[in-house]
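Q: Sequence:
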Amino acid sequence: MLELKHLKTLQALRETGSLVVAAQRLCLTQSALSHQLKELESRIGAKLFVRKTKPLRFTMAGLRVLELADNVLEQVQHTERELARLVGGQAGRLHLAIECHSCFNWLMPAIDNYRGLWPDVELDFSSGFSFEPLPELAQGQLDLVITSDPQPSEGIVFSPLFSYQPTLALSPNHPLAEKPVIEAEDFANQVLISYPVDTHRLDLFNLFLDPAGVEPLAVRKVDMTIMMMQLVASGRGVAVLPNWALTEYVNKGYIMTRELGDGKLWQNLYAARHESHQDSAYIEAFLDIAREHCFSHLDGIKAIGDNQAVTK
-5 MLELKHLKTL
5 QALRETGSLV
15 VAAQRLCLTQ
25 SALSHQLKEL
35 ESRIGAKLFV
45 RKTKPLRFTM
55 AGLRVLELAD
65 NVLEQVQHTE
75 RELARLVGGQ
85 AGRLHLAIEC
95 HSCFNWLMPA
105 IDNYRGLWPD
115 VELDFSSGFS
125 FEPLPELAQG
135 QLDLVITSDP
145 QPSEGIVFSP
155 LFSYQPTLAL
165 SPNHPLAEKP
175 VIEAEDFANQ
185 VLISYPVDTH
195 RLDLFNLFLD
205 PAGVEPLAVR
215 KVDMTIMMMQ
225 LVASGRGVAV
235 LPNWALTEYV
245 NKGYIMTREL
255 GDGKLWQNLY
265 AARHESHQDS
275 AYIEAFLDIA
285 REHCFSHLDG
295 IKAIGDNQAV
305 TK
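Note that this note's numbering has the sequence shown beginning at -5, numbered continuously upward.
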């Protein structure tokens, strides 16, 4: 009666809250998805969710199927990764680098999980603020680069991870905390606290300030996120980081956040690799684990192309 596609459909409906977006995520038409759900409801003799409700409300039957989906699909994904190891070979090299320096928050736990499943893969990590990793990827010195800047490059393919909102962090006592809408011009008299990278690699400049022709009063560069937040909390300046990277500090009461502009500013994060590694089972497994971890633990992200963020 129940098939894996049904379990995946119910999970997608819960995560997106929309038949339209769930269909997009499952690569189906809305009509095909609706037909699939009606056929399943006919088989089991019960409705799975209440139509035209916001947020989407599941019936008791729907909740029971979701419970099954959470248990079964996790086991299926684990088995698929194990089979990929057997078919694709268990050993290999995975040298990573990141251009999104806030990504340490989720990358390290994902790597820890990956090591347990793929113990024979040689893992190495390159970090730093001054080097450009994509050229090294093209030359074969790196195997995977986490980046928000998918520059077209021969032989390089970009796999989507998720979308996030670049968000303003400021002291609760900061004057901008009273503004309902943060505009580019508001940065003209602000000290910006950022990572020590060129401004052309920062979301704030690429997406918000440069199009408006605005520059901050000054830029103070700091290596560590926690130090950035301490400076912001003490009123020494403002910072712009991914929304999910600020959740911890908001919950502790150190800072408050504001969306930039009209709140529709989103940036995409990708994993770049050489086209020769497209069929590499152990690299694909790492991306699966990274995505799974992010959508389970990060607030406010969404699948690239979706219109609804995930809230934990």
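Check before you lean on any hint, since a few could be wrong.
Pair ranges (Cβ atoms, derived) [claimed, not checked]:
(1) P166 to R109: 34 to 44 Å
(2) V44 to G149: 46 to 56 Å
(3) R214 to G134: 30 to 40 Å
(4) A132 to N262: 47 to 57 Å
(5) N262 to T193: 43 to 53 Å
(6) S270 to N183: 30 to 40 Å
Keep in mind that the hints were calculated from the coordinates and are not lab data. Just so we're clear, the structure is a prediction, and the values are computed from it rather than from any experiment. C-beta: ideal position from N, C-alpha, C; glycine also.
Q: Now tell me if each hint is right for this structure.
A: Consistency of the hints with the structure:
One distance hint, 34 to 44 Å for the beta-carbon pair P166 and R109, holds here, with the actual separation near 39 Å. Against the hinted window of 46 to 56 Å, the Cβ-Cβ separation of V44 and G149 comes to about 50 Å, which satisfies the hint. At roughly 37 Å, the beta carbons of R214 and G134 sit within the given window of 30 to 40 Å. The supplied range of 47 to 57 Å is broken by A132 and N262, whose beta-carbon atoms lie about 20 Å from each other.
N262 and T193 have their C-beta atoms about 19 Å apart, which leaves the hinted 43 to 53 Å range violated. S270 and N183 have their C-beta atoms about 50 Å apart, which leaves the hinted 30 to 40 Å range violated.
Hints 4, 5 and 6 from the earlier list are contradicted by this structure; the remaining hints agree with it.
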